[in-house]
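Participant: From first to last, the protein sequence lines are chains E and Y. The numbering of the first sequence is this note's numbering, which starts it at 1342 and goes up by one. The numbering of the second sequence is this note's numbering, which starts it at 5 and goes up by one.
Simulated from the structure, these hints should not be mistaken for laboratory data. Treat the hints with care, since some could be wrong.
As the list claims (entries may be wrong) - Below, in silico cross-link-like pairs of lysine to any residue (SDA-like), each with a Cα-Cα straight-line distance of 25 Å or less: (1) E:K1359 <-> Y:G22; (2) Y:K169 <-> E:I1744; (3) E:K1534 <-> E:L1708; (4) E:K1737 <-> Y:L103; (5) E:K1521 <-> E:M1445; (6) E:K1737 <-> Y:Q149; (7) E:K1434 <-> E:K1387; (8) E:K1737 <-> Y:R64; (9) E:K1359 <-> Y:K169; (10) E:K1737 <-> Y:A20; (11) E:K1434 <-> E:V1469; (12) E:K1534 <-> E:G1561; (13) Y:K169 <-> E:D1742; (14) E:K1737 <-> Y:A119; (15) E:K1387 <-> E:I1744; (16) E:K1434 <-> E:Q1391; (17) E:K1359 <-> Y:D181; (18) E:K1737 <-> Y:H144; (19) E:K1564 <-> E:R1656; (20) E:K1359 <-> Y:L103; (21) E:K1387 <-> E:K1737; (22) E:K1359 <-> Y:Y19; (23) E:K1737 <-> Y:V88; (24) E:K1359 <-> Y:Q149; (25) E:K1564 <-> E:G1441; (26) E:K1387 <-> E:R1592; (27) E:K1359 <-> Y:D110; (28) E:K1534 <-> E:A1577; (29) E:K1359 <-> Y:H146; (30) Y:K169 <-> Y:H145; (31) E:K1737 <-> Y:G22; (32) E:K1737 <-> Y:K169; (33) E:K1434 <-> E:R1592; (34) E:K1359 <-> Y:H145; (35) E:K1359 <-> Y:N148; (36) E:K1434 <-> E:D1488; (37) E:K1737 <-> Y:S104; (38) E:K1359 <-> Y:H144; (39) E:K1737 <-> Y:N148; (40) E:K1737 <-> Y:H145.
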Amino acid sequence: MNPLQAIPIAFTAIARNKLRALLTTLGIVIGVAAVIAMMAVGAGAKLELQQAFAAMGTNILVILPGSSNATGAVHLGYGSKPTLTWADLDAIKQVQTVRGVTPMLRSSMTLVAEEQNWTTMITGTTPVYFPIRDWPLARGSSFTDQDVEAAATSVVLGQTVVDNLFGRYVDPVGRTIRIKNMPFRVVGVASRKGQSSTGQDYDDAAFLPYTTFAQRLQGGLAKYLQGTILVQAASADATSRAEFDIRALLRDRHDLPPDREDDFSLRNLADIAGAEQQGTAAMTLLLASVAAISLVVGGIGIMNIMLVGVTERTREIGLRMALGAAPWDILAQFLAEAVALSVAGGLIGIASGIGIARWIASRLHWLTSVQPHVVVLAVGFSALVGVVFGVYPARKASRLDPIEALRFE
Amino acid sequence: MPRPLVALTDVTKIYASGDAEVRALDGVSLRIDEGECVAIMGASGSGKSTMMNLLGCLDRPTDGRYELAGRIVSEMSQRELAGVRNRFIGFVFQQFNLLSRTTALDNVALPLVYAGVGARERRERAAEALERVGLGARLHHHPNQLSGGQQQRVAIARAIVNDPKMILADEPTGALDTRTSVDVMRVFQDLWRSGITVVLVTHEPDIASYAARVVRMSDGHVVADSSQEPATAGAAR
């Protein structure tokens, strides 16, 4: 017999018992749908994290004043006590593995334009802030190093601030806004960056020279830096080296003996990103393996029904053998039937899985991503389930004695 | 001089039944020539069913030699035997053994699937075979839409569709009434007259009377082998 003949025979057999076939494949349908949906949610979460961290900039370290570890009953949070000095900042600029350093002094303040006002987070910093954050300007230009030197009243606005103060399609460059009743000239608009992983709007922000911020809005430049320091390492590979160098430098500058913990906190965004990604990857794997178990259960369901089918059709098997079917032909027939059932279940499962992923995306506003390789894998795996769980019943059928089988009632 | 189609030489078949051995066939030799119409008769337990299984290549002898159309089938593998059944033998069973929910045409075409014949040729040859048994108008009927006699004629069409050397019919009228039985026997006689070797396995003398030769079995031996003038089942159709 032409081996392909097994396929129409298998389909005819399945068509004779449609309801049973449907119920048999249900396990595979649920399993594949669950795997596809879970992997889509997992891939979406990973994508979202990647976007969020890409938005923060690459090879970034943040230095905060105050210790990072709770050692006693009373824990002072980050920034609770100023420990970083402007001299520290200048010293960090000299570290070899560091490309850029900038201070970040932050405060929430109200910006007033001619007709509107808007409260946003204002950051006092230097022009290198924008390249470090990998954040180009959409209009105009940044304030300059001379502006920082002179404590000039120049301001760069985020898109959300522009939208609320002037309207979406207005170019505000050259216009004047007031902060704490002081006039500031808008010199640039930062390009739209979107939301962070926690839903914070990056574009709801404004930027000034840190000198202006400290002198005019904070009440003078003191020895201590009333904020955090943003550091860009020379490269992604140099990030941990830079972290080590800066820690050694600051401990030395702050005269910390070896048994004292750091009086500052160094955060590496790559590490945080990596940890979060590992977390989602582990979660995805866990969900997918639970789903995969239901695939195996589905396979056992197919085996069960195939065994029932072999018993029910014993006479048919005997007849086919008498008419010239070799053992291999019978094996191929039943194997084709099992694989057809499981692949059909797989295909229905893929459709349902994609449907579930879309539903989650639209209903829960999660990012989901159905990846082609997952779909291919799901079809392959369901076919494999069909083969693995179909072999035993098919072998049983092919080894029947034709005389016994023909006599079977 | 007719050529031998079947040649059994000292064939023995032993079944293990618990601790005891059952000699279903005990040193049987039998020759059937091409074009014969033979009835194999015997009571249950006489060995006629075993004989039928061996002749049909569904089973292999414990000892002895079976030659079918010049091939020594007693030494063939299961796979080879399947091929021999497909090409040389057409089975007709007491219970018809048609596939339910399958048209007469597809039932008849079934042996051609295993012969590796293409779909279009299968349909053509199955339709021809059904014409030959007088069911040319019932190609697309399902077995449950046909009478017992019609079902058995579909089974006969299935037996002849691959041009076998020999039709092997096991109690072919056992499930039919007398009148229908005569109709079915007429089909067998027509086939025999057209040159096909027909072997009937039966315990009914009425049925055996349509054959030209009767082989009687008892306790695993051939006890009588005689030629006779076959009864006539009436004109064709």
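Participant: Are the Cα atoms of E:K1434 and E:D1488 separated by 25 Å or less?
Facilitator: With a Cα-Cα distance of about 20 Å, the restraint between E:K1434 and E:D1488 holds, given a limit of 25 Å.
Participant: Are E:K1359 and Y:L103 close enough, with their CA atoms no more than 25 Å apart?
Facilitator: Given that 25 Å is the threshold and the Cα spacing comes to 17 Å, the pair holds.
Participant: Does the alpha-carbon distance linking E:K1564 and E:R1656 stay inside the 25 Å limit?
Facilitator: Given that 25 Å is the threshold and the Cα spacing comes to 96 Å, the pair is violated.
Participant: Holds or violated: are the alpha carbons of E:K1737 and Y:V88 at most 25 Å from each other?
Facilitator: This hinted pair holds, its Cα atoms lying about 23 Å apart.
Participant: Measure nothing beyond the straight line between the CA atoms of E:K1737 and Y:R64; if it is 25 Å or shorter, mark the hint as holding.
Facilitator: holds, 21 Å
Participant: Run the distance test for E:K1434 versus E:R1592: straight-line Cα separation, threshold 25 Å.
Facilitator: Given pair E:K1434, E:R1592 holds - Cα atoms ~16 Å apart, limit 25 Å.
Participant: Would you check the hint for E:K1434 and E:V1469, treating anything up to 25 Å between C-alpha atoms as holding?
Facilitator: Holds - the C-alpha atoms of E:V1469 and E:K1434 are around 12 Å apart, at most 25 Å.
Participant: Hint check: Y:K169 vs E:I1744, CA-CA at most 25 Å. Holds or violated?
Facilitator: holds, 21 Å
Participant: So if I understand the rule, the pair passes when the alpha-carbon distance is 25 Å or less; does Y:K169 with Y:H145 pass?
Facilitator: Roughly 28 Å separates the two Cα atoms, so the pair is violated.
Participant: CA of E:K1359 to CA of Y:K169, is that 25 Å or under?
Facilitator: With Cα atoms ~40 Å apart, E:K1359 and Y:K169 exceed 25 Å; violated.
Participant: For the pair supplied as a hint, E:K1521 and E:M1445, confirm whether the alpha-carbon distance does not exceed 25 Å.
Facilitator: Status holds; Cα separation ~19 Å.
Participant: Regarding the pair E:K1359 and Y:Y19, is the alpha-carbon distance no greater than 25 Å?
Facilitator: violated, 42 Å
Hint violations for this structure: numbers 1, 6, 7, 9, 12, 15, 16, 17, 18, 19, 21, 22, 26, 30, 32, 39 and 40, all remaining hints satisfied.
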